[in-house]
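Build out the structure end to end from the sequences listed, making use of the hints.
Here are the chains, one letter per residue:
Protein chains: 4
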Amino acid sequence: MSTSQTIRLGLIGAGRMGSFHGLTAARHIPGASLTAIADPSHTQATRLASALGVQKVYTDPQQLLDDPDIDGVLIAAPARSHAELVIKAARAGKSVFCEKPMAVTLDEADRAIAAAADAQVTLQVGFNRRFAKSFRTAHLDVAAGRIGTPQLLRSLTRDPALNNPATSPQWVIFLETLIHDFDTLRYLNPGAEAVEVFVMADALIAPEFKANGFLDTAVVTVRFGNGAMAVAEANFQAVYGYDVRGEVFGSAGMLCMGSVNESDLLRYLATGVQADTQRMDTDLLRDAYIAELNHFVDCMRSGEKPLASGEDARAALAIARACIESFEQGKAVRVQGVAS
Amino acid sequence: MSTSQTIRLGLIGAGRMGSFHGLTAARHIPGASLTAIADPSHTQATRLASALGVQKVYTDPQQLLDDPDIDGVLIAAPARSHAELVIKAARAGKSVFCEKPMAVTLDEADRAIAAAADAQVTLQVGFNRRFAKSFRTAHLDVAAGRIGTPQLLRSLTRDPALNNPATSPQWVIFLETLIHDFDTLRYLNPGAEAVEVFVMADALIAPEFKANGFLDTAVVTVRFGNGAMAVAEANFQAVYGYDVRGEVFGSAGMLCMGSVNESDLLRYLATGVQADTQRMDTDLLRDAYIAELNHFVDCMRSGEKPLASGEDARAALAIARACIESFEQGKAVRVQGVAS
Amino acid sequence: MSTSQTIRLGLIGAGRMGSFHGLTAARHIPGASLTAIADPSHTQATRLASALGVQKVYTDPQQLLDDPDIDGVLIAAPARSHAELVIKAARAGKSVFCEKPMAVTLDEADRAIAAAADAQVTLQVGFNRRFAKSFRTAHLDVAAGRIGTPQLLRSLTRDPALNNPATSPQWVIFLETLIHDFDTLRYLNPGAEAVEVFVMADALIAPEFKANGFLDTAVVTVRFGNGAMAVAEANFQAVYGYDVRGEVFGSAGMLCMGSVNESDLLRYLATGVQADTQRMDTDLLRDAYIAELNHFVDCMRSGEKPLASGEDARAALAIARACIESFEQGKAVRVQGVAS
Amino acid sequence: MSTSQTIRLGLIGAGRMGSFHGLTAARHIPGASLTAIADPSHTQATRLASALGVQKVYTDPQQLLDDPDIDGVLIAAPARSHAELVIKAARAGKSVFCEKPMAVTLDEADRAIAAAADAQVTLQVGFNRRFAKSFRTAHLDVAAGRIGTPQLLRSLTRDPALNNPATSPQWVIFLETLIHDFDTLRYLNPGAEAVEVFVMADALIAPEFKANGFLDTAVVTVRFGNGAMAVAEANFQAVYGYDVRGEVFGSAGMLCMGSVNESDLLRYLATGVQADTQRMDTDLLRDAYIAELNHFVDCMRSGEKPLASGEDARAALAIARACIESFEQGKAVRVQGVAS
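Chains as they are written, first to last, in the working numbering: chain S, 1 to 340; chain C, 1 to 340; chain G, 1 to 340; chain F, 1 to 340.
Simulated from the structure, these hints should not be mistaken for laboratory data.
Errors might be hidden in some of the hints.
No distinction is drawn between identical chains; accordingly, a pair holds when it is met within one copy or between any pair of copies.
Unchecked claim - The calculated lysine to aspartate or glutamate pairs, modelled on EDC-like cross-linking and capped at a C-alpha distance of 16 angstroms, are:
1) K133 / D287
2) K331 / E196
3) K88 / D118
4) K133 / D283
Just so it is clear, the structure is predicted and the values come from calculations on it, not from any experiment.
So this is what it looks like as structure tokens:
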């Protein structure tokens with residue numbers, strides 16, 4: 001694809017994240033434009049299209065995939081539909097940026113990867129930490145040996161407020177939230193793969209939903225092939241804001257990433273020192289969200305494999321699936337190898 | 001101006017800041033487009049235009065001002081030409097975003113303000129701190145009385161590296177650098193005006209240029225009409241990076257703003273804890289630069305007076321002019337009133 | 001014991017920690033004096049006694065325990081001897097401050113607690129975090145409900161340099177290092193007890209000692225009776241300094257404690273921002289070490305139970321013993337109840 | 001004086017600071033004891049003596065100076081009496097630790113220095129920042145050239161609450177508060193002396209006392225002989241706590257010192273991130289206060305000149321006196337040279 005041509009993107013899913021990705025695609029990606037939006041809710045799709053100056057609106061994603069004026073798609077539909085959409089998009093010859101998780105079963109993941117490979121389209125997954133300045137620099141530092149061999153890692157995600165526990169699918173904490181942390185741990189321990197996990201998890205915020213399989217708090221211990229040991233941690237109700245942090249400790253030092261502070265303003269008051277906090281992932285990680293879509297368009301042009309690939313999605317999913325097993329069995333579980 | 005129409009911007013000056021503003025205008029301002037670029041260097045203008053997909057290139061700014069397809073201009077030419085360009089642009093019916101300083105004499109400033117008023121165009125000045133998250137929040141806090149009555153203020157600007165002292169115009173430290181701090185002090189002490197200044201300044205980095213009137217280090221004490229006392233400070237060679245900080249202390253608390261850290265990454269190494277720093281104003285204040293141009297376009301549409309107005313530019317300039325006088329006379333000097 | 005009398009302390013063990021406690025007892029405890037020192041190395045005991053102006057030196061601790069001029073003893077002998085020394089001291093009618101661990105088996109711990117109870121002497125254990133300002137305030141905050149119900153906790157200890165792995169007793173990482181973290185987790189989750197643990201541990205720094213049962217890196221997941229989940233983590237070679245941190249996250253907020261920085265000095269250099277770090281526990285926790293001995297003397301006078309009691313030592317030990325079992329069996333293990 | 005003998009100290013003044021120094025001398029100075037206390041209030045002297053186990057109490061300081069069992073005195077009487085007490089103590093052959101200011105006129109200062117020199121006794125002044133870890137390290141860094149040549153400095157002192165403005169002597173802000181900052185600036189710019197000052201000062205907190213010459217807020221600009229420019233700043237009502245900070249910027253970097261935070265505890269709450277602050281100088285600078293008295297006793301033994309000498313007191317006073325002149329005349333004023 002020539003660098004002079006505008007990349008035409010289509011958005012599938014006009015919910016909260018879809019709207020944010022749509023806005024980013026429409027405004028902040030040099031050399032790209034948002035051309036079409038598909039959402040089962042015609043109202044929602046139309047409203048977003050109007051706000052962003054997008055002409056085409058579809059209710060069926062297949063219509064968007066059939067549109068010859070679209071080069072790549074951004075998938076921000078419900079998680080359970082991701083893999084099938086990736087496969088259909090690839091078959092339609094479209095490059096795909098898919099929000100995490102790319103798939104919820106390893107089989108789905110394998111088929112999605114294969115479909116993109118067969119169609120020779122770009123396939124990128126929405127692992128935003130990889131594009132956050134501090135996490136990206138940490139990854140490069142570790143890869144360059146700046147802290148020696150990784151021995152202990154930590155990644156955590158805490159949402160500010162519980163979101164629809166009643167209608168939430170099972171295992172959402174592993175498949176949709178901790179999937180970020182599993183990827184982050186791999187990113188901060190480059191070249192190594194998870195081999196074993198042990199899960200402690202519970203419904204501490206909303207115990208009334210535990211019977212439905214809804215867990216809101218989890219601590220996962222992960223052992224990697226290079227000996228490093230890691231903890232991934234999630235909770236769905238951090239009253240102080242959106243909390244995303246990482247830590248990697250090695251034989252020659254440690255790197256710590258993540259701050260919940262909204263800006264560098266500090267208030268010194270009679271009640272002590274105070275700082276405001278970020279409440280939205282789209283504020284906390286805004287630059288990362290913009291960077292990942294720019295990277296997607298760059299990879300579409302260059303043909304290079306994205307920094308957050310289908311294989312990365314598969315590897316993080318393998319950890320998440322092992323977590324479900326560990327939770328159900330109450331014991332440590334082997335992670336199913338990357339080469340399935 | 002209708003909200004549905006695209007605002008067409010022209011850029012005057014394709015140097016470092018001009019290129020940055022051009023990029024921002026071309027990429028990050030919803031509802032605006034960059035339509036033309038003027039620069040005496042045809043090569044430079046053409047190179048930037050090509051990079052940003054801009055069609056029209058001029059060598060004479062008047063050509064750009066005569067172009068009927070332009071609604072507003074961004075002035076990023078040398079400081080000494082700003083006021084005349086503002087006046088010409090206003091006469092041509094164009095709204096104006098002018099990099100600081102808007103003018104270098106109070107008479108020029110008055111004429112620029114009058115021209116914009118006569119033409120009923122928007123006139124905004126590039127006081128970027130007003131659009132930086134922490135400074136903006138601090139301003140609102142002070143205005144809301146959250147720290148009581150301001151008593152002591154501080155604003156500083158330190159550039160990472162001395163820039164062309166040989167060809168630099170006289171008093172650049174007051175007219176082009178500290179002008180930011182004078183505006184910041186006014187912003188953090190809303191409703192009050194500077195009444196007196198005292199300057200200590202010297203050429204400590206490059207004493208060989210002192211004979212030419214080039215000062216590289218300055219400490220300015222400012223007394224405000226409401227009794228508050230302030231310090232503005234500048235230096236042109238901070239080896240650790242671009243340093244912009246503010247502090248406002250009042251009867252009920254203190255606010256501190258500004259961090260030189262590049263990201264929230266901390267490295268813990270055998271040599272201690274380490275963090276990388278920002279080296280460029282366009283990195284340190286990137287979001288503020290984007291916000292100020294968005295605000296300009298918003299004001300063009302709404303007709304509202306910008307948060308950084310011609311009158312603000314005039315008031316900061318009055319402090320800078322008093323500084324020159326204080327330096328030359330070696331004593332405290334009254335600031336010429338806003339109502340001239 | 002009357003408040004007007006000086007409390008006369010005897011020190012058992014003149015190694016690194018013994019010397020430090022001896023210095024503290026001799027210098028920083030109003031109303032107390034260091035009267036005697038016992039150490040198998042006469043040279044070492046004499047050297048310390050001379051430095052601190054202490055008159056009596058013994059090579060056998062029993063001699064010190066038989067000395068009628070001593071009211072209380074500070075036990076800083078090798079860990080394996082602690083419990084027997086506590087029992088003997090109690091039988092001799094001396095109050096006891098015992099460095100952690102108070103015992104290495106639960107049976108020993110029970111006998112030590114019983115001996116102190118029978119003799120009606122004060123028994124305090126060297127859990128220093130309980131006396132560190134930030135950890136102490138955090139404990140009080142949690143107890144006061146300031147962060148709601150604890151849900152996730154973290155405590156970590158990282159030593160700056162591996163210390164004698166060849167001669168180190170087995171399980172030292174659990175019994176002597178993480179014992180601090182197990183106590184800290186209990187301290188930060190007041191009223192709750194650990195019910196289950198899962199261990200991942202390895203010899204990553206010095207794999208050549210793994211065959212001897214020497215582990216240098218461990219991650220322990222702990223489930224508490226109130227549902228809270230915790231991680232305790234240790235490593236024996238943090239090149240950046242002595243690292244002791246804690247975190248407690250609850251339904252209404254989070255508390256974070258621990259900084260490796262040596263002072264509040266920040267250096268801004270061409271290489272970035274830099275801070276020096278603490279390399280010694282006796283520097284990092286100096287105030288806590290002084291406070292715990294003052295507390296011991298206060299409790300001797302008042303007859304109140306110390307903030308770090310024999311029962312606390314037993315409860316932390318129960319977690320450590322469960323960790324050994326979990327490590328050996330490779331699975332989650334129940335913690336033996338406090339009421340044995 | 002032999003190292004084996006206990007140094008016997010006498011305290012003159014049993015007010016707030018005197019009590020604190022008395023406590024430090026009684027408890028935290030190895031090899032020293034507090035032997036006598038003198039205060040015009042017999043009640044106050046007796047109460048303190050009883051609390052600290054001190055036998056001798058005097059109401060007239062001369063009685064204490066005549067006591068042959070005293071080697072050195074700690075002067076914590078009202079500032080206006082300091083110089084005369086230093087002179088009398090020196091004549092009585094006692095070494096002297098004198099709280100700042102050592103004198104309030106340059107003539108007094110010269111006579112005090114001469115008296116100590118004639119009597120060959122140690123004379124140390126209570127410039128506590130010199131013994132605070134971060135300020136001390138900064139001084140050594142600057143002296144070692146680690147940040148190149150100093151160009152810009154800042155030192156500030158903000159008390160948490162206005163203290164007796166009605167009965168306060170004139171110019172207390174310069175002679176008793178900013179005297180610390182003037183010394184700190186000299187300490188951070190080793191080898192250079194202040195040559196010129198300019199003052200802006202006012203009664204902003206308590207304007208009703210301005211007529212009595214009571215100023216509560218001041219900004220002082222100081223030019224040093226090596227070209228460096230400095231700002232000293234004081235205010236008597238910082239609602240957030242006791243605020244002592246320093247900054248030194250040089251050709252190769254910057255050092256920043258001072259934190260108002262009480263401990264390393266951070267609270268993350270629904271209202272943002274919060275930290276407690278220090279409210280007392282004796283908490284904020286506790287270690288420095290202990291270190292300075294230890295240094296005094298060390299200098300008494302070794303005969304070395306203290307790090308905070310009579311000459312340092314004189315040099316800081318010369319700046320304070322110039323400030324009074326600058327304030328009265330409303331212009332920049334030369335500082336009277338050190339060589340008087």
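So, going through the hints one by one against the coordinates:
Taking the shortest alpha-carbon separations for K133 and D287, both the intra-copy value of 8 angstroms and the inter-copy value of 15 angstroms come in at or below 16 angstroms. Taking the shortest alpha-carbon separations for K331 and E196, both the intra-copy value of 10 angstroms and the inter-copy value of 12 angstroms come in at or below 16 angstroms. Taking the closest pair of Cα atoms, K88 and D118 come within 16 angstroms of each other only inside a single copy of the chain (12 angstroms); across copies the shortest separation is 60 angstroms, beyond that limit. Within a single copy, K133 and D283 get their C-alpha atoms as close as 14 angstroms, and across copies as close as 12 angstroms, so both meet the 16 angstroms cut-off.
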